[in-house]
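Engineer: Letter by letter, the chains look like this.
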Amino acid sequence: MHKLVVLAGNPNVGKSTLFNQLTGSHQKIANYPGVTVEKHEGHFTTDTGQHITILDLPGTYSLNTKSEDETIATNSILGSGANKPDVVIVVAEATKLQRALLLALQVKRYHSQVILAINMMDELLQFKMHLDIQKLSTSLNVPVVPITAREGKGICELISAIEAFPKLNSQDTTTRSFTPETPNSISDDYKSINTIIRDVLTHDSDLKNSDSTDQIDKYLLHPVLGPVLFVALMLVLFQSLFTWSAPLMDAIESLFGLLSEMAQTHITNPILKSAITDGLINGVGSVVVFVPQIAITFVFIGLLEMSGYLARGAFLIDRFMRLFGLEGRAFIPLISSFSCAIPGILGTRTLTDSRQRLITILIAPLMTCSARLPVYTLLITCFVPDKTLFGLFNMQGLTLFGLFLAGVLAAMTMAWVFNRILPKSHEAGSFLMELPRYRRPDFRALYKYVTLRTSAFLRSAGTIIFVLSLVLWALAYFPRSQTITDRFESERRAIISQNLPDKQNEDALALVDQAEQGEFLRDSYMGRVGQLIEPALAPMGFDWKLGIGVLSSFAAREVFVSTMGIVFNLGETDEESETLREKLQSQRNPDGSQSYTFATALSLLVFFAFAAQCISTLAAIKRETNSSKWAWIAFGYLTVLAYVSSTIVYQVTSRLI
Amino acid sequence: MTLLKLKNGQMAKVDSVSPNLKSYERLLELGFITGELVTLVRRAPLGGPLQVTIRNTSYAISREDARHIQIQ
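Protein chains in written order, with our numbering: chain Y, 1 to 657; chain C, 1001 to 1072.
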């Protein structure tokens, strides 16, 4: 027998913990079509052989559809035809029963097979409260099952209750069509609830013993100490993000380096060899290397949310965020974007207002992410003098800081702009957020949360990166003109015929190889495109060589450095390369003037600060907004912003200096 | 008198919520109905939201909303 069960209930009551307990690893996340709400679906089989499909619905307070979450939840509860659930489980938090009962009473009007699962029963003891389950069940006329999902208590009884309900036959779909609850009906419901509760819930003493939440809040929400601790925590988060991910990132780089070597030695066909090493392994590797940062960011976001601190942080910073038209909950996702926009974007789940969420998602890429740092390092060390202004500020450091600031300012400006131009949402409510009790995070759930999300990202971004890496590789590889090959082959023969000592011979041949690589790249389709668009690049101060670098870095920013290395006949380089710096500085125009000046560098830096050069980020935007439209819009506005800013910076700087 | 005028830590009974408030329905659903006890726990620094407790649950609500919740 196959049954469909849905888990309904208020937010923060532990529905997901229960869902995890029931489904184990048999769960998946998708999106409901057309909206940004996640669909959590799983399944399990009972001891008596019933196959249960279970949906973890978004947390809601009532059946009224004021938001996307509520619409999805209510539609799932009411169902239509075959989609009508056989059983609706309303999950409640034991110490906040009345609020849950509102939803329960509403659900009961539309569905005949409801179970009330009361979670976190352990907290009743803490609060010296006592609940008469039997009486409650009788008053409500539904089975009531006490559970402590985190510890797996009461799960068996819950499953038995599910089994006890028969499967609804399709004729049974005589659902009353949904009529929205009115303020009067809500009031009346609460009156009934008060009567019921008075009867079943008792306190052992007059003074309610609270848990440590209020005590902790005296410090964490203290008017002075609160913000201080918050800032301190953010700094620690930030710092550990970079230091902890570094060894892992190095390990991954080494791994991919190894793969590259293996491919080099074992693949003979030159085209295939290049496609796999330069194209796939490089391309995919440059994205996979960020997985540690992405995973660690998820860990932090997960810990903050599960412990209950996230809401406090949002509470403290809300006023500040309002200055840019954002809400407090947007802070953590945006801060996370400083390491990598992807977990930041995926972390906007905590925002319930979909308009706010969209704006936050759209501005997240402007936060200076780690992938920009290699490019910044190269250009700053190359073109910004290592001087100290007023004996205090190092110009290079100042430039770096300025770039960070530029990203933040651009984000705040765009938030303001989007607030003006995006259609106002029809969703009801201004800022309203529950501050849940502080709880020890459920580490098993955290592990599941992080692995599920990181693997989902790898899957969706992975396919795009895979394809794009190959496409970009092909553009930079082909055509391998025979004329060029011949020319360099004869150069090689010339060197060999000189019969130089081994070391000199090696060096000379290496130089020929590098020159050949450079020539191939300049002659490639991408190189030709670079030369074609040079007029468009000129206002920004770029020539076609820089153009190649910029174009190739649209897949992943760090590719810029290695591409520049190849363009200038240097073969393998990184941002620390002295030779690359020298090459850039020594480039001369036909009239003898320096090709790349301080103005060029600044313009390039600004371009990289704003441009949407990360397919993975665009993929994340597409996934989170459940549409390609917003990913394209993000790409569009960022490109325009980058182009315009870069042009202005170049034009102004080149005249001043 | 409105909820906004309460001092930190003060408790009062809800009288009514202004129906033109965007959050009107939501506040009702959370239990801001006539006669219910509500405590203003604290204000966020620098004009930020308010922390209120109702039915054993804490919420952050905007000052704007608090200005439209009448208390007895």
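Worth flagging that the hints you see were computed from the coordinates, not collected in a lab.
Treat the hints with care, as some may be off.
Quick list of in silico lysine to any residue cross-link-like pairs, SDA-like style, CA-CA up to 25 Å [stated by the list, open to error]:
id : chain 1 : residue 1 : chain 2 : residue 2
1  : Y       : Lys191    : Y       : Phe127
2  : C       : Lys1013   : Y       : Asn184
3  : C       : Lys1022   : Y       : Thr182
4  : C       : Lys1005   : Y       : Tyr219
5  : Y       : Lys218    : C       : Thr1053
6  : Y       : Lys66     : C       : Gln1070
7  : C       : Lys1022   : Y       : Leu468
8  : Y       : Lys583    : Y       : Ser627
9  : Y       : Lys218    : C       : Met1011
10 : Y       : Lys387    : Y       : Leu78
11 : Y       : Lys153    : Y       : Pro183
12 : C       : Lys1022   : Y       : Gln651
13 : C       : Lys1022   : Y       : Leu233
14 : Y       : Lys108    : C       : Tyr1024
15 : Y       : Lys191    : C       : Met1001
16 : C       : Lys1022   : Y       : Lys3
17 : Y       : Lys66     : Y       : Ser627
18 : C       : Lys1013   : Y       : Asp217
19 : C       : Lys1013   : Y       : Leu432
20 : Y       : Lys191    : Y       : Arg150
21 : C       : Lys1013   : Y       : Pro183
22 : C       : Lys1013   : Y       : Gly154
23 : Y       : Lys167    : Y       : Asn184
24 : C       : Lys1013   : Y       : Asp199
25 : Y       : Lys191    : C       : Lys1007
26 : Y       : Lys3      : Y       : Gly154
27 : C       : Lys1022   : Y       : Tyr219
28 : Y       : Lys39     : Y       : Trp630
29 : Y       : Lys218    : Y       : Leu124
30 : Y       : Lys424    : C       : Pro1019
31 : C       : Lys1005   : Y       : Leu432
32 : Y       : Lys218    : C       : Thr1057
33 : Y       : Lys3      : Y       : Asp132
34 : Y       : Lys135    : Y       : Ser192
35 : Y       : Lys629    : Y       : Leu468
Listed next, with one range per pair, are the computed distances between beta-carbon atoms [stated by the list, open to error]:
id : chain 1 : residue 1 : chain 2 : residue 2 : range
36 : C       : Glu1064   : Y       : Gly257    : 36 to 42 Å
37 : Y       : Phe404    : C       : Ser1018   : 56 to 62 Å
38 : Y       : Met1      : C       : Arg1067   : 31 to 37 Å
Idealized CB from N, CA, C, for every residue including glycine.
Engineer: Next step is simple, just say for each hint if it's right about the structure.
Structural biologist: Comparing the hints with the structure gives:
About 24 Å separates the Cα atoms of lysine 191 of chain Y and phenylalanine 127 of chain Y, which keeps this hinted pair within 25 Å; it holds. Of the supplied pair hints, the one linking lysine 1013 of chain C and asparagine 184 of chain Y holds, its CA atoms being roughly 19 Å apart against a limit of 25 Å. Pair hint lysine 1022 of chain C plus threonine 182 of chain Y holds up; C-alpha atoms about 15 Å apart against a cutoff of 25 Å. A threshold of 25 Å between alpha carbons decides the hint, and for lysine 1005 of chain C with tyrosine 219 of chain Y the separation of about 24 Å falls inside it, so the pair holds.
Among the hinted pairs, lysine 218 of chain Y with threonine 1053 of chain C is consistent with the structure: their alpha-carbon atoms are about 15 Å apart, no more than 25 Å. For the hint pairing lysine 66 of chain Y with glutamine 1070 of chain C, the CA-to-CA distance comes to about 23 Å; that is within 25 Å, so the pair holds. Simply put, lysine 1022 of chain C and leucine 468 of chain Y have alpha-carbon atoms about 46 Å apart, too far for the 25 Å limit, and the pair is violated. Restraint check for lysine 583 of chain Y and serine 627 of chain Y: not satisfied, since their Cα atoms lie roughly 44 Å apart, outside the 25 Å limit.
Under the criterion of a C-alpha separation no larger than 25 Å, the hint pairing lysine 218 of chain Y with methionine 1011 of chain C is consistent with the structure, at around 18 Å. With a C-alpha separation of about 69 Å, the suggested pairing of lysine 387 of chain Y with leucine 78 of chain Y is violated against the 25 Å cut-off. Taken as a hint, the lysine 153 of chain Y and proline 183 of chain Y pair is broken in the structure, with Cα atoms around 37 Å apart against an allowance of 25 Å. A distance of roughly 48 Å separates the Cα atoms of lysine 1022 of chain C and glutamine 651 of chain Y; the hinted pair therefore is violated under the 25 Å criterion.
The suggested pairing of lysine 1022 of chain C with leucine 233 of chain Y is violated, with an alpha-carbon distance near 34 Å, which exceeds 25 Å. Taking the CA atoms of lysine 108 of chain Y and tyrosine 1024 of chain C, the gap is about 24 Å. The hint holds against a cut of 25 Å. A distance of roughly 24 Å separates the Cα atoms of lysine 191 of chain Y and methionine 1001 of chain C; the hinted pair therefore holds under the 25 Å criterion. About 39 Å separates the Cα atoms of lysine 1022 of chain C and lysine 3 of chain Y, which puts this hinted pair outside 25 Å; it is violated.
Using a Cα cut-off of 25 Å, the hinted pair lysine 66 of chain Y and serine 627 of chain Y holds, with the two alpha carbons roughly 22 Å apart. Only pairs whose Cα atoms come within 25 Å are accepted, and lysine 1013 of chain C paired with aspartate 217 of chain Y is accepted, the gap being roughly 24 Å. Taking the CA atoms of lysine 1013 of chain C and leucine 432 of chain Y, the gap is about 20 Å. The hint holds against a cut of 25 Å. A hinted pair counts as satisfied when its Cα atoms are at most 25 Å apart, and lysine 191 of chain Y with arginine 150 of chain Y does not qualify at roughly 32 Å.
At roughly 18 Å between alpha-carbon atoms, lysine 1013 of chain C and proline 183 of chain Y fall within 25 Å of each other, so this suggested pair holds. For the proposed pair lysine 1013 of chain C and glycine 154 of chain Y, the alpha carbon gap of about 37 Å is over 25 Å, so the pair is violated. This hinted pair does not check out: lysine 167 of chain Y and asparagine 184 of chain Y have alpha carbons roughly 34 Å apart, beyond 25 Å. A distance of roughly 22 Å separates the Cα atoms of lysine 1013 of chain C and aspartate 199 of chain Y; the hinted pair therefore holds under the 25 Å criterion.
Note on lysine 191 of chain Y and lysine 1007 of chain C: the hinted pairing is violated, with a Cα-Cα distance of about 28 Å set against a maximum of 25 Å. As the CA atoms of lysine 3 of chain Y and glycine 154 of chain Y are separated by approximately 20 Å, the hinted pair is consistent with the 25 Å bound. Note on lysine 1022 of chain C and tyrosine 219 of chain Y: the hinted pairing is violated, with a Cα-Cα distance of about 32 Å set against a maximum of 25 Å. Between lysine 39 of chain Y and tryptophan 630 of chain Y, the direct Cα distance comes to roughly 20 Å. Compliance with the 25 Å bound is thereby established for this hinted pair.
Note on lysine 218 of chain Y and leucine 124 of chain Y: the hinted pairing holds, with a Cα-Cα distance of about 23 Å set against a maximum of 25 Å. Of the supplied pair hints, the one linking lysine 424 of chain Y and proline 1019 of chain C holds, its CA atoms being roughly 20 Å apart against a limit of 25 Å. Using a Cα cut-off of 25 Å, the hinted pair lysine 1005 of chain C and leucine 432 of chain Y holds, with the two alpha carbons roughly 19 Å apart. Proximity of lysine 218 of chain Y to threonine 1057 of chain C is assessed by CA-CA distance (about 16 Å); at most 25 Å being required, the pair is judged to hold.
Restraint check for lysine 3 of chain Y and aspartate 132 of chain Y: not satisfied, since their Cα atoms lie roughly 30 Å apart, outside the 25 Å limit. For the proposed pair lysine 135 of chain Y and serine 192 of chain Y, the alpha carbon gap of about 15 Å is at most 25 Å, so the pair holds. Only pairs whose Cα atoms come within 25 Å are accepted, and lysine 629 of chain Y paired with leucine 468 of chain Y is accepted, the gap being roughly 19 Å. For glutamate 1064 of chain C and glycine 257 of chain Y, the hinted distance range of 36 to 42 Å is not satisfied, since their beta carbons lie about 57 Å from each other.
Taking 56 to 62 Å as the suggested C-beta distance range, the pair phenylalanine 404 of chain Y and serine 1018 of chain C does not conform, at roughly 43 Å. With their beta carbons about 55 Å apart, methionine 1 of chain Y and arginine 1067 of chain C fall outside the hinted range of 31 to 37 Å.
Of the hints listed earlier, those the structure fails to meet are numbers 7, 8, 10, 11, 12, 13, 16, 20, 22, 23, 25, 27, 33, 36, 37 and 38, in rising order.
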